[in-house]
Amino acid sequence: MKSKELKKLSIIELRRLAISLHVSLTRKMSKEQIIKAIVASTRSRAISATLKKKKRYVADMSRHMAAEKHRVPPVTQGENLPVYTGIAKLVLLPRDPWWIFAYWEIDAAQIDNKGLVLRVYRKTGQLYASIQVGHASNWYIDLPEPEETVKSEIGYMESKSRFKVIAVSNTIKTPRAWPSRLTYETGSPGTDRTSAGHAATEENDPFSESYKAFEKLSSISRKEITSRKR
Amino acid sequence: MKGYLAIVLHSHLPYVRHPEYNDFLEEDWLYEAITETYVPLLDVFDRLVKDNVDFHITISLTPTLLEMLGDDLLMTRYRRYLSNLIELSEKEMNRTSNDPAINPLAKMYHGRFIHYRNMFENRYHGNIITGFKEFMEAGFVEIVTSAATHAYLPLITDEAWQDAQVHVGVDTYIRHIGRHPGGIWLPENAYIEGLDNVVNKYGITYTFLDAHGILNASVRPRYGVYAPLLSDAGVNFFGRDVQSAKQVWSAKEGYPGDYDYREFYRDVGYDLDFEYVKPYLHSDGSRSNLGIKYYRITGQTDQKQPYVPQRAQSKVLAHAGNFLFNREKHIEYLCSIMDRKPLLIATYDAELFGHWWFEGPDFIEQVFRKVHEIDGPVKTITPDRYLREYPDNQRAQPSQSSWGDKGYHEVWLNGTNDWIYRHLHIAQDRMKDIMHLSGVSLKQQRAINQALRELLLAQSSDWPFIMNSGTMVEYAKKRFIGHIARFTKLYEQIKVNRIDHRLLDDLESRDNVFSWIDYRNYIR
Numbered sequence: 001m002k003s004k005e006l007k008k009l010s011i012i013e014l015r016r017l018a019i020s021l022h023v024s025l026t027r028k029m030s031k032e033q034i035i036k037a038i039v040a041s042t043r044s045r046a047i048s049a050t051l052k053k054k055k056r057y058v059a060d061m062s063r064h065m066a067a068e069k070h071r072v073p074p075v076t077q078g079e080n081l082p083v084y085t086g087i088a089k090l091v092l093l094p095r096d097p098w099w100i101f102a103y104w105e106i107d108a109a110q111i112d113n114k115g116l117v118l119r120v121y122r123k124t125g126q127l128y129a130s131i132q133v134g135h136a137s138n139w140y141i142d143l144p145e146p147e148e149t150v151k152s153e154i155g156y157m158e159s160k161s162r163f164k165v166i167a168v169s170n171t172i173k174t175p176r177a178w179p180s181r182l183t184y185e186t187g188s189p190g191t192d193r194t195s196a197g198h199a200a201t202e203e204n205d206p207f208s209e210s211y212k213a214f215e216k217l218s219s220i221s222r223k224e225i226t227s228r229k230r
Numbered sequence: 231m232k233g234y235l236a237i238v239l240h241s242h243l244p245y246v247r248h249p250e251y252n253d254f255l256e257e258d259w260l261y262e263a264i265t266e267t268y269v270p271l272l273d274v275f276d277r278l279v280k281d282n283v284d285f286h287i288t289i290s291l292t293p294t295l296l297e298m299l300g301d302d303l304l305m306t307r308y309r310r311y312l313s314n315l316i317e318l319s320e321k322e323m324n325r326t327s328n329d330p331a332i333n334p335l336a337k338m339y340h341g342r343f344i345h346y347r348n349m350f351e352n353r354y355h356g357n358i359i360t361g362f363k364e365f366m367e368a369g370f371v372e373i374v375t376s377a378a379t380h381a382y383l384p385l386i387t388d389e390a391w392q393d394a395q396v397h398v399g400v401d402t403y404i405r406h407i408g409r410h411p412g413g414i415w416l417p418e419n420a421y422i423e424g425l426d427n428v429v430n431k432y433g434i435t436y437t438f439l440d441a442h443g444i445l446n447a448s449v450r451p452r453y454g455v456y457a458p459l460l461s462d463a464g465v466n467f468f469g470r471d472v473q474s475a476k477q478v479w480s481a482k483e484g485y486p487g488d489y490d491y492r493e494f495y496r497d498v499g500y501d502l503d504f505e506y507v508k509p510y511l512h513s514d515g516s517r518s519n520l521g522i523k524y525y526r527i528t529g530q531t532d533q534k535q536p537y538v539p540q541r542a543q544s545k546v547l548a549h550a551g552n553f554l555f556n557r558e559k560h561i562e563y564l565c566s567i568m569d570r571k572p573l574l575i576a577t578y579d580a581e582l583f584g585h586w587w588f589e590g591p592d593f594i595e596q597v598f599r600k601v602h603e604i605d606g607p608v609k610t611i612t613p614d615r616y617l618r619e620y621p622d623n624q625r626a627q628p629s630q631s632s633w634g635d636k637g638y639h640e641v642w643l644n645g646t647n648d649w650i651y652r653h654l655h656i657a658q659d660r661m662k663d664i665m666h667l668s669g670v671s672l673k674q675q676r677a678i679n680q681a682l683r684e685l686l687l688a689q690s691s692d693w694p695f696i697m698n699s700g701t702m703v704e705y706a707k708k709r710f711i712g713h714i715a716r717f718t719k720l721y722e723q724i725k726v727n728r729i730d731h732r733l734l735d736d737l738e739s740r741d742n743v744f745s746w747i748d749y750r751n752y753i754r
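The listed protein sequences derive, respectively, from chains U and G. To convert, note that position 140 of the first sequence is 140 in my numbering; the numbers rise steadily by one, no gaps. To convert, note that position 441 of the second sequence is 671 in my numbering; the numbers rise steadily by one, no gaps.
Next comes chain G alone, as it looks inside the complex (with noise of 0.2 Å):
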């Protein structure tokens, strides 16, 4: 054996969740991506298990995600939803029983969404995160916190506010996941000085980078981004490796675009007609993807061809075969010029697999059965294991960086979005001062909570990142704008002593998310 290869899922979706409506559109990202990415990566790792196949993955679950997946209301709604799809592919199967080339698809659909609701119901009892945990606790998964809301914590400017998103993050983790976390994911791998103080205040041990972020560092890493850095706060810091990186993301050359892939754009939501889907659309009426789609890539043209998932498994093979390939080319090249066992680190969003890439999972089971199969110079690993072979790393502050555009803070600081950063300091500033106020009676405790997590919510980078994307923009500027609102309200209505109770009460049930938390804990 020569060298390791950590895969690292990035899993998270900012917090979404509408009880004052009776369904809500942006409430699908979450549904989405259990049926798309979660479970299917879960039903992954089970066969990978029942063949005996040893594996390691870390996989991130940030905190707004933990929330969710644990929230009552959103899994009841998640079952509507999932049921809605079946019924709808018992309807396809049917309406396309005279379509050889369709009539499969809508059969496999069915046979999947089947599988995955005895999954979510019969194996998990309607909680998935216990499903991580099982693969955690056998030693294949390893599962790392992340801040509170992903907010991103370089324009949080404040350290106490940087330390606030990781202690909640901390609490989050060890209230669904039974255990302290031993990595933490940094929101968009954006990092600052000072951060590793924070992170290591909390038992932190170690957390991520793009490979600029350790190839700028204050000494010239020895390993390249091939071995983590150890900062002086004691945080080891794993940097990206961008051949694995491209591969999978490469617009021009990712294995994605593949034209035997199935193809996202093309979903019966929009294909079929209006009055047979429209029981399965949102109650405004407007067309929205399903999840049911029949069409394979195809090429550059509007003329899909139908989906054939023999060609699609093929190519996942070969997909699977190849990156591997490129890694152990990678890591003998990297065991001439190094005196260690070179690292990869590959960092992928998590919804990417299976989401937008449908064959994704498959994609990650064939990497690890090869790397089983092959029993070559490539083995999967998690950072946790890694410092346990190497705990001695070299010494040197990582340097200021981010994974998004242009590889630092630009994303979320732009004339789109930096108009957000005055109301989110003030709150901050406010908020504060709240927290240190004596003699506060029971009723401000509980207001001076709620503004605690409208504030949280405030701070997410979704917002942000939303509003630079284009897409979106309006449901990411009320957002923010809903929760500054909110949390003023309470700021002005707790310094008074005069609470709204009714206002109180409609926020704790609307937004809800870290209902356990106590602000006493968080103050600095």
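Okay, chain U solo, but in the shape it has when bound (with noise of 0.2 Å):
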């Protein structure tokens, strides 16, 4: 920290940064003295960088070991994302069982300067949403239920009643996210899907227990395993 910058500040607001900085400074030191005190205690940036560094410490166990580099690399000149030409391409991304994101990357030329709708469509073939765009080139959708099997297209109202299609995405499904109504069936392990579940209320299923069991063992909040992790 430099005395320049030090100067600047009322000596209330020095005792202030004294502290934080766990300075110890007596009752009579003048302003003089506490930037003194102040400047000697940061001198080696090691101990601001502890100071900065501790409180990001359990956030920060990650692999990437990041926390402490800070330098951008120079790499090669003039490298820059592409600009594409005649692609027309809607896709769809699943981001949870809620949530799902569509990207498109279509010619300007292509759509006349109108503005997009993008169709969002269910397993069958129901119309969910009709979303305006407008000039965006990405959107997240959430969906009413999880598991959901969707698909859509993008384009633009042609005239009242004309949609003009000018993309169409890739199916996806997105994640279950509770466990299945199907219980496991006794029999051998090696049946095929269609008979390996049933349809079974929790009262029938002799394992329903043991499986509730299971499920409270697992129901860990997961901010506990991954913050450390990342």
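Derived from the structure by calculation, the hints contain no laboratory data. Don't be surprised by glycine CBs; every beta carbon is placed ideally from N, CA and C. Where hints are given, some of them may not hold.
As the list claims (entries may be wrong) - Chain G regions said to be covered by chain U (calculated; three or more residues, Cβ under 8 Å):
| # | segment |
| --- | --- |
| 1 | 384-396 |
| 2 | 444-451 |
| 3 | 623-634 |
| 4 | 703-716 |
From the two separate chains plus the hints, produce the assembled complex.
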């Protein structure tokens, strides 16, 4: 910390700063002396670095060993992301049981400067959402249920009733968010999937109690097992 | 004997190699991991074998890590790194000779570095992969593979490219390990429907998922996560035991936060006089961790106290004992509700042990020693051995999931990193195009191989992960953009058959991962 910057602070601010930096002061110290003490205590970058880093200690237990490395490496000059032409592409990605992500890559020439509309369809072909996305190039969409199979198309209204499709997406399925209703049927473990499970109420499932125990054993906050990892 | 514990360590680093610079900060990730995690683990295995302790552990060595550990330039630079550390630790022994608290620590580091260099040079002749292989052949360690560049497979979307990632991963494993992999670590334990088919195609019979990947399977798992599920494609899915995970990972209660353990953030690289440490820092002169750390965590204070190895070691014993005690109780309980031996899968990032948690390798050693001494209800095992005992497992399809924050794909798909996917997917489509070109010249073939390397490097999950984490973001962005830009340049040149040979030479020497790759093997 430079004394020049410190001189701009009031004596009260300096005392506060000293406390936060764990610099011990006496009651009678002058402004000059306080500044001297602060500068001396922070001369080695180590201390201020430690102070800053200590707070991140837990959050940063990460294999990327990143916290202390701030240097931006020079790489080959002039490397930029490409600009694409002649592509009409719409892609859906699942994010979690309730959200999907859509991005599109479409030539401006193709849409005649019209605002785009993203249509999302559920498995049955039922139109779930029609979103005015304007000139955006991606969108997050929330879904009512997990384990949805969805597909979408993007385009614009040619006229009041005619939707011009420019690109059709892939079909994706979002993740399940809770245990299946199908329970294990006693029988050989090798039976094929159609008969390996049957819809059962928890009452007639002989293993429902142990299953609940398993679930309980696994029901810990995800934060607790991911906080240190990263 | 009543049940099994399978400890699984995931070792991974992204491909970081910058021959264009004399020294490069991010390469330290590898050098630190070798000195602090990989060699110390081999050292632990050595001691266990010498004392006739039977133990079983599973380790993933990702293809990019294997390629770096087998790279001449990086291993030459590692030697330089280690010599520097040894020199610095010698100076430290002198500098601290009048400090009774610190001097023994300087000696400890010096002794370790000398020992590790001895292992690296004389035992493994500069290739520590040999070490892991030896323990595998002796039946203690099971090495599993991973996707080529640790791509986040669910967001690759195109099955052909999920396939290529796995295929290159298997080929890399065969090249370095010398046999076919039995299991795979799916990057970030990320699973999406259909991956089991891809994995099975290459003869892989098992993988790992986070607990909810098993619990939310298409049919309720009869044994929870304490036995694997067998998917339709014939792949066994092992679910993570969250209790084992929590005791080590938890920020609040996890062992690594114990006050007697070594403090990671007090490093001589920051603590000592700048001129003194300057010769050991990177050439740009910015301070960085050097790997010599003298303080213990001490508490919620900045007044850190010197590290006392004996105190830390007694905590290691206590924590190993506590860990095993909890596993025993857990297994005894599970035995009361299961009609087969329960299996606890304890998965961790390998670099937690040693790099972050200095005493981590000792902890693993003590867990194995206690299992051996007590000879109680818990035995350690690897998944392949378990499957030999229990080849028949419940049929169900696992659920889409990952071991990342919130359990799904959000860490790799959010406002900080979602922009990468359009470039990745377009590059994937274009790569397929050029792979299918016919009548290509030899030079074009070389360029197509290099384009494939650039694409694979761009697919690393590390880049979106780092963008999301908020530290080192610029490096991750530059890496991603760089690989996409290089891919695109090559693609354009290949299409019109006008290859800039200087560019090609340059890229081949720089981004040389999978130098042996032949794209014709990966056409689908």
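Consistency of the hints with the structure:
1. 384-396: holds (count 3)
2. 444-451: holds (count 7)
3. 623-634: Three-residue rule met by the segment 623-634 of chain G, so holds; n is 10.
4. 703-716: holds (count 9)
Every hint from the earlier list agrees with this structure, and none is contradicted.
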